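Colleague: Sequence order for the protein chains is R and L.
Here the first sequence is numbered in my numbering, starting from 38 and rising by one per residue.
Here the second sequence is numbered in my numbering, starting from 6 and rising by one per residue.
What the hints contain is simulated information worked out from the structure, not anything from laboratory work.
Take the hints with a grain of salt, since some may be wrong.
[Claimed, not checked] Chain L side only, calculated, beta carbon under 10 Å to chain R, not exhaustive: (1) Glu8; (2) Thr9; (3) Asp44; (4) Ser74; (5) Phe79; (6) Lys81; (7) Val116.
Bear in mind the structure is a predicted one, so any value in this text is a computation, not a measurement.
Quick reminder that beta carbons are idealized off the backbone N, C-alpha and C, glycines included.
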Amino acid sequence: MERMDSLTPDIKRLFQAKEDRRRKLAALSFPEKVQIIVQLQHMAAPILRARGENVDVWTLRP
Amino acid sequence: MEETLRVLNSLERDGVLRRYAIGGAMAATFYTEPVLTFDLDIFVLLPTSPGALLTLSPLYEALRSRGFSEEGEFVKIEGVPVQFLPVYNDLLREALGEAREVPYGSTTTRVLRAEHLAAIAVQTGRQKDRDRLRMLVDQAGMNREYLTDILVRHGLEEKWREWTR
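Chain R on its own, in the form it takes in the complex (with noise of 0.2 Å):
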């Protein structure tokens, strides 16, 4: 792993803007964040069942 103080200013504030991302996500209400999770779930789960897991993508009332 590259050590932080070695990457170019371009690089650092890329991982910076990643870092608020992630910041930003965090402090989401409850609801917003399962509302993600499922999209997320959409995402993953035709990966997920080709790899022959079995996994339920959630069914939740609008």
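Here the structure of chain R is known, so what remains is to put chain L in place on it, guided by the hints.
Modeller: Same frame as chain R, now just chain L:
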């Protein structure tokens, strides 16, 4: 998920459960960025009488009477696969007792405290617990004094130091 939580609240109100709280990845998500999970872990304290066996059967029976039946180790409640985990040690019993009440839409639920989730991750010790612990340390804004007290009382300080070095 609100409908699922309403069902859990009704089980507690009716005395089928003494107390419940959300644990696992969904509880961690309450404090951190959302992480992929396909099930909702619910820690439960069951009503017991002296000498009686600890069993989930009365809970499953109550759920069946509400139209929800078990599928393997899960019960699908209003579209969400729920796994019920009876508290099985002192740390979990304490975590459930001190879980925080939080709003979810127009209902309320309980979520284990971040400090207890961190201690449970250290105690459980799987790779995914290490990942969860890292996120909690980075994002959950834990109360270090409260966390240290939990780690000391449950004999987890050494493993904590090892994991967070």
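Colleague: Does the structure break any of the earlier hints, and which numbers would those be?
Modeller: 4
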